[in-house]
Each structure stands twice: as C-alpha cells, then as structure tokens.
Amino acid sequence: MGRSTLHVLKGISFDVQQGEMVAIMGSSGSGKSTLLNILGMLDVADSGSYTLDKEPIKNLDETKAAIYRNKFLGFVFQSFNLISYKTALENVMLPLYYQKIGRKDRQERAQKFLEKVGLGPWATHHPNELSGGQKQRVAIARALVSEPKVLLADEPTGALDSKTSYELMDVLQTINDTGITLLIVTHEKDIANMCKRIVHLRDGVIVEDKKIKQVRANSYVK
Amino acid sequence: MLNRDRWQEMFYTLRKNKLRAILSGFTIAMGIFIFVLLFGFGNGLKNSFEQFFLDDSTNTVFLYPGQTEKPYRGFKAKRRIIFKNDDLTDIQQNFPFFIDYITPQISRGALVKRGKESNNYTIRAVAPGHQYAEKTIITNGRYINEADVQNKTKFATIGRLVEKDLFGNKPSLGEQIDVGGVSFKVVGVFKDEGGDNEERLIYIPYTTRQRLEKSNDRIDQIIVAFRPELGYAGAMALEKKLNSFMRKKHNIAPNDRSGIYVRNVASDLKETQKFASVLQLIVTFVGLGTLLAGIIGISNIMVFVVKERTKELGIRKAIGATPKSVVGMILHESVFITTIAGYIGLLTGVGTLALIGDSLEEFFIINPYISTSTAVIATLILILFGAVAGYIPARRAAKIKPIIALRDE
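Protein chains in written order, with this note's numbering: chain A, 1 to 222; chain B, 1 to 409.
Treat the hints with caution; some may be incorrect.
[To be verified] Lysine-lysine pairs mimicking DSSO-like chemistry, simulated, CA-CA at most 27 angstroms apart:
#  : chain 1 : residue 1 : chain 2 : residue 2
1  : B       : 307       : A       : 64
2  : A       : 100       : B       : 16
3  : B       : 401       : A       : 71
4  : A       : 71        : B       : 214
5  : B       : 113       : A       : 100
6  : B       : 116       : B       : 170
7  : A       : 64        : B       : 116
8  : A       : 86        : B       : 170
9  : B       : 18        : A       : 149
10 : A       : 189       : A       : 149
11 : B       : 324       : A       : 71
12 : B       : 76        : A       : 100
13 : B       : 214       : A       : 86
14 : A       : 104       : B       : 324
15 : A       : 149       : B       : 16
16 : B       : 78        : B       : 214
17 : B       : 399       : A       : 149
18 : B       : 214       : B       : 307
19 : B       : 401       : A       : 58
Since the hints were derived computationally from the structure, they do not count as laboratory data.
Produce the complete structure using the sequences and hints provided.
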C-alpha cells in the first residue's frame, strides 16, 4: 500500500428520507462504493458529517461502529459474502448472534426472513448448493434479520444474469414497500430505474440527483 | 467464557472446520508429546548416571597401598607398601570419634564350581562393615558377620547373578560351592543397584582368605567410613589426618605420590554432583528448546488460521461483530484446541514413557519419567503462548476494516 492519497469523494451532500429507494450510479472509479462504505460505517470520511436517524455518526471506534452496523444497517454485497461452512439459515442467524439473542429465537426469526425472500425450503443448504440468485437472497435475508433502518447494497445484481437480477429487484422492492430505506450502488441503467431516485456520481461529485418513476420489477418477472 | 452461545458457536465452527482444528491440535499434541519424551529421556539418563556413581556409600575413604618413589628415613625408594591387620586396629584406636566402621577388602579372582556349572568370579574378602560401604542389599540369608571373621568360617554371601548362574532357579542357601578348590557354604544372597558386575561378586570373611593364603595378615585395601555428621569439611580433614597417620606408620615421605593412595568418596561426590547438574542443565535446555519449537509451531498455525479466516472475520464484522468478539472468538478457539491437544499430548507422552520403562537400559536410559508439575507447567506454558500467538494475529484481523477483508481478490 502506497502512501500517496487519492481523494475519491470531493464534496458530496445529500439527504435520504426514510422509505426511499436510491440508486447510486456512476462509472467505475466514480466513488460510489466508497460512498456506500462510508454510509455503512465500513470506512470513514476524511471530513464532513453524517447523520443517521437524527444521530450524528462521528468519532466511531470499531466497537461502536460494529454496534451501529448491527442495529441500523444491513449489507448486501456483490459477491454475497456468505460464510461457506454455515447453512443458509445459520448465515441468516449470525447477526442476531451478535445481538446476543437466544438461539431458539434466532432460529425462528431467521427462518421467517428466509421465507420472506422465498427460500424457506432451502434453509439447511450450504451456500455452495445454492444458485447465485439464491445466495444473494440469503444475503438479503441476513441483512434484514436484524431489522435495520437502512439496507445498503453494493452491486447486488453484479454477479447475476438479468432474469435473476429482476427477481432480486422484486424482492428488494417488496422490502422497500415495508418502509425500509434502500441504497443500491449499481451501474446498470435498468436496475437503477427500478429505484425511486437516482444519484449520479462522476469523479467524486454528484452530477445529477433526480426522482424517477419506479419501474416495478415484477412486470418483468414471470 | 461462560456464555453458552459462544461455546455452541465455537463447537459448531470447529466441527465444520475439522481438518484445521485437527491439524493445529496435532502440532500442539506433538509438541507436548516430544517435550515429555525428551524430558523423560533426560531424566532417564540422569537416573542411570546416578546408578553408576551414587550406589555406594558417600561417607567413605579408600586407602590403597602403593610403591614408594622416594627414599625416606633410611628406606630405599621402590619399596612396596603392604597393609596388614594391625593397620585396621591402629586406625580404629587412633580415630575412634571419627569412624563409623572400617573394613578391609582383599579381591581375588577364582573359578567357582557347583555341580556341572562353573564360572569365574571376583571373590571379595571383607569385614561386616563392607555391606554398608557397598550398600549391598541382602535378599536372602545374611551377610558375612563378626563371628565369621573371628572363626575364619568358610561361609560365602553370593550375588544374585552368581546364584542365577550356578543354581538356576533352585535355592542356594545352605548349599556348598567350590571356590578355587575350597568348599564354601552359601549363607546369603544379595543384590546391588550398581549394575550386573556388582551382582557377580562373592563375599567371604577376610580372615578366611588370609588363612587360605598361608595364614598371612595382609590386606589389599582399607575402607574407612566416617560418621556422616562430620560433613564434607570433616571428611576432608579426616582424609588428611588418615593420610599422614598412615605415611608416618609406614615410613612414606609426605610428598611421595605413589606410596599410598587415598580416595575420598566425599570429594568424588562433589565432582559427580557437578556432572549431574550439567546433565540437568542439558535436559532443561533440550526441554526448553522443544517447548520453543512448539510455541513457534502454534504461532505459525494461528497466523495461518487467522489469515485463512480474514474474509469470514470481515463478514462477521460487517454484520455486527465487535473487535472484542472477534478476538474473543479466535482466542476461545485457540485456547480450547491447545488445552485439549496439550492434554492429549501430555497423556500419550507420559503413557509412552511408562511403556518404555526400563527397556532402553542398554542406552543408559533407566526409568524415564517426567514430574507431574513439570509436565503440567509445560502444557500451561504452551496454552498460554498458544493464546498469545492467537491474540496477535486476531487483534490485527479485528482491526482490519471490513471492506479490505471483503475485497474480492
């Protein structure tokens, strides 16, 4: 790792209301993933402020960040990031383990969320027995099980074909309908159009921020 | 540590990663096993060493006559010095407060026969005190006693192996044996921890030997045992006094090196103990070396384990694991594995030592053992270092930002 610094984000300011579904778009290197990582407290901004649910997020030590992440945020990654030696159900149970919730309760809640993403019968399968779309849905269930305020998705459909992508977006839209705020980093136009608002980034600045008419994914599915 | 969930999570993780757990456990078990074995062998070596050097009494002074090399008081050089019975009585009378017992020793080789069996043995003609000087242990019958010496009896006390050679498994007590043409009655059988040679001896009264040799009163050597309470300094003083007393009596120049020889077991013992402590040092060194190798092994494994799990730890962090819980998880696992594996290694090591027992006696390893405290401390050290070795990479892993851990290759 070199010592040279690169300013990826150069002054970004925007608000997201509860229940919004925002697509963050931009070509690679535009800083969209960095933005998401800062929002997800996986990374820290050099300067600026970040308020989540009226709470200023600052001076985070690792422990505090972990607790915030666990309580407020859910993550979905492009490469799923499931723990390979755990079954689907156990993967979904894991965030609750860190909330120190009893095993029985964990199991019930995880099962409920797996059913929500349509994977109830797959609970005992390991990630390598699942398709890409199924894995991502397990990841979504895992992100949701702790009932976060915000779901952050970094290229959630990046590793999926378009049919599976639409199915996944359908799931995400359904989740958004329940009032959970969604931020999705993507560079696919059709995926962005399934959100309610698109933020365009280029070279670390917002070049466009507009509300759009949401395209429902279920019109493509079936 | 008492959190049931954490144990469940740990057992689950271990079950799902059996190979990793077994491999790292194996290294630790191996480390402890080798440590126990080497340490035990070291102790075994020390045991046989002690058996070689420390099986005789340590409160004895040996006097041997020699040949003068200097003329003295009108006597020519190259005069052969001969000890006689009156030397015994003179020493006894002049050093009554120092002496525990005194015994002569006349050694002769002889062909010993009994029925069709025969063999050559060393016959030692002695007084009763000799039993204590050699730490001879009577297993059957008795040793040569004062009455034997007075009456010049033809009684013999024979070594365990002499009995075995000549009598097989039959009892020898009361039987006659032919010692160089003279018939002796076996009155006792002994064993000696100084090894086989010391059990191929036959003891007879010294007066009997003298009578057989034309009724002379010559003595080969004199063994004087001083009272143990004299201590090392007293023993050295007695040796000096005995030396000058005997030189005066036999007209040997005080600076004549070969007229008379005095060997003090007490001063020999000092040397021996020095050697023993060096041996102890080597054993300890070997032990520490093995332990160090074990620690390095564990450290390597822990670094590898944490490295392998970087991504998993990143995921765990992203979904809410605090750094403390990450470190705790890895430590919990590593301490658990080292404890179980260390215990297994300890048991197999101690078991193997017990199994080996005295079977390596020809390699000078007798009764290899490791004291419980040494073994337990070694295991605890390994567990502790296993924890430390796990802690360092675990803390680093806990510090890594999840995005870095989660980055695709």
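Taking 27 angstroms as the top limit, are the C-alpha atoms of residue 189 of chain A and residue 149 of chain A close enough?
At roughly 25 angstroms apart (the allowed maximum being 27 angstroms), residue 149 of chain A and residue 189 of chain A satisfy the hint.
Taken at face value, is the distance from the CA of residue 16 of chain B to the CA of residue 100 of chain A at most 27 angstroms?
22 angstroms, holds
Is it true that the CA of residue 71 of chain A sits at most 27 angstroms from the CA of residue 214 of chain B?
110 angstroms, violated
Please work out if residue 78 of chain B and residue 214 of chain B have their alpha carbons no farther apart than 27 angstroms.
Judged against 27 angstroms, a Cα distance of about 25 angstroms means the pair holds.
Measure nothing beyond the straight line between the CA atoms of residue 86 of chain A and residue 170 of chain B; if it is 27 angstroms or shorter, mark the hint as holding.
Status violated; Cα separation ~74 angstroms.
Is residue 214 of chain B within 27 angstroms of residue 307 of chain B, Cα to Cα?
Violated. Residue 214 of chain B to residue 307 of chain B sits at ~90 angstroms, over the 27 angstroms cutoff.
Restraint status (C-alpha distance of residue 18 of chain B to residue 149 of chain A at most 27 angstroms)
38 angstroms, violated
Tell me if the straight-line CA distance from residue 64 of chain A to residue 116 of chain B falls inside 27 angstroms.
With a Cα-Cα distance of about 95 angstroms, the restraint between residue 64 of chain A and residue 116 of chain B is violated, given a limit of 27 angstroms.
Are the Cα positions of residue 76 of chain B and residue 100 of chain A separated by 27 angstroms at most?
Roughly 102 angstroms separates the two Cα atoms, so the pair is violated.
For a C-alpha distance cap of 27 angstroms, please report whether residue 401 of chain B and residue 58 of chain A respect it.
Measuring from Cα to Cα gives roughly 16 angstroms; hence the hint holds.
Between the alpha carbons of residue 116 of chain B and residue 170 of chain B, is the straight-line distance 27 angstroms or under?
14 angstroms, holds
Measure nothing beyond the straight line between the CA atoms of residue 104 of chain A and residue 324 of chain B; if it is 27 angstroms or shorter, mark the hint as holding.
24 angstroms, holds
Violated hints for the displayed structure, listed by number in ascending order: 4, 5, 7, 8, 9, 12, 13, 15, 18.
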